[in-house]
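Trainee: Here are the chains, one letter per residue:
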Amino acid sequence: MSSSPSGTTVIAAVDFSDHGEQIVQEGLLLARAAGSSLHLVHVAAGEPVLAGYDKEDISSFTRSARAGELTDEHRKVRELAETLTNSTGVEVHPLVIMGPASETLLTAIDELNASHIVLGTHGHGGMHHLMFGSVAQELVRRSNVPVLLVPVVKR
Amino acid sequence: MGKIVVGVDGSDGSREALKWAFAEATLRGAALEVVTVWQYPITASLPTFGAMTTPDDFETDARSTLLAILADEGITAAAPMPVSTLVAEGNAARALLDAASDADLLVVGSRGHGGFTGVLVGSISQQCVHHATCPVVVVHPN
Chain A
1 MSSSPSGTTV IAAVDFSDHG EQIVQEGLLL ARAAGSSLHL VHVAAGEPVL AGYDKEDISS
61 FTRSARAGEL TDEHRKVREL AETLTNSTGV EVHPLVIMGP ASETLLTAID ELNASHIVLG
121 THGHGGMHHL MFGSVAQELV RRSNVPVLLV PVVKR
Chain B
1 MGKIVVGVDG SDGSREALKW AFAEATLRGA ALEVVTVWQY PITASLPTFG AMTTPDDFET
61 DARSTLLAIL ADEGITAAAP MPVSTLVAEG NAARALLDAA SDADLLVVGS RGHGGFTGVL
121 VGSISQQCVH HATCPVVVVH PN
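Each protein sequence line maps, in turn, to chains A and B. Using the working numbering, the letters of the first sequence correspond one by one to residues 1 to 155. Using the working numbering, the letters of the second sequence correspond one by one to residues 1 to 142.
Hints should not be assumed to be uniformly reliable.
Some chain B residues close to chain A (C-beta under 10 Å, calculated; not the full set) [as the list claims (entries may be wrong)]:
# : residue
1 : L27
2 : S110
3 : Q126
4 : N142
Derived from the structure by calculation, the hints contain no laboratory data. This one's a predicted model, so the numbers in the text were calculated from it and none came from an experiment. From the three backbone atoms N, C-alpha and C, an ideal C-beta is built for every residue, glycine too.
All chains should be built: construct the whole structure from the sequences, respecting the hints.
Mentor: Shown next as structure tokens:
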């Protein structure tokens with residue numbers, strides 16, 4: 001978790017949804033304007049909790065499937081960060097953290113000492129019919145830093 | 001040139017929003033549009049004849065309050081970017097969304113004067129987040 005010379009960083013919460021690209025673009029605009037670095041933070045779902053019969057068989061199966069998914073997600077974030085660092089001149093760091101989305105992002109803001117967080121109003125979490133994603137709502141309510149929300153609607 | 005729209009109602013949150021918007025507009029080289037909205041008060045009885053406040057009075061008041069806030073925050077004609085002001089009547093969220101229809105960013109405080117304290121996120125900022133077509137920045141009072 002290195003940082004830019006100015007010491008500040010912007011967090012863009014990426015979840016590889018449809019408007020993920022716009023989230024990254026807004027993060028880059030903020031970071032470039034302020035001379036900050038950008039952290040692409042992907043919050044990966046925690047390990048599934050299993051209950052029921054044949055727990056051991058299922059859990060080894062789902063664990064390895066989940067491990068494969070995580071490797072894949074991590075590779076995607078890392079590649080994106082590399083491409084962006086090379087093409088934009090902004091220092092972009094990849095970060096995959098497992099855990100519940102809102103809590104994890106709030107912790108990331110603290111730990112990275114971020115100046116801003118950018119996220120979509122409509123992630124994968126919660127109920128899809130909610131106009132204003134539950135993660136976005138939680139962040140707006142609890143974050144101490146400005147929250148930039150990217151709408152799903154294309155201009 | 002890009003445009004950043006900010007809603008100001010004199011609340012602490014909106015002042016933080018204004019500071020943030022001004023700083024960001026400076027960094028990005030974008031124009032700044034400062035929007036304030038006034039509404040007719042709802043009264044249960046008619047005021048005494050001759051004492052009624054006219055729409056012009058409300059608008060003038062709103063404008064002078066806005067200019068005082070801008071001066072207070074050091075946002076003057078000498079600002080490095082064009083700064084425009086808009087005094088609108090009616091629904092605050094509607095006015096902000098209209099002003100931001102061609103903006104790069106809409107900036108609001110997390111809670112203004114509207115709504116009631118039990119509401120955790122200002123109702124106007126929430127409406128803006130719901131309906132805006134451009135990214136919305138929610139700034140918290142310190």
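Trainee: If a hint holds in the structure, say so; if it doesn't, say that too.
Mentor: Going through the hints against the structure:
With its C-beta approaching chain A no nearer than about 4 Å, L27 of chain B sits inside the 10 Å limit, and its interface hint holds. Because the smallest distance between the Cβ of S110 of chain B and any Cβ of chain A comes to about 7 Å, under 10 Å, the interface hint for this residue holds. Evaluation of the Q126 of chain B hint against chain A yields a held restraint, the C-beta minimum of about 7 Å falling below 10 Å. The beta carbon of N142 of chain B comes within 9 Å of a beta carbon in chain A, closer than 10 Å, and the hint placing it at the interface holds.
Hint compliance for this structure: no hint is broken.
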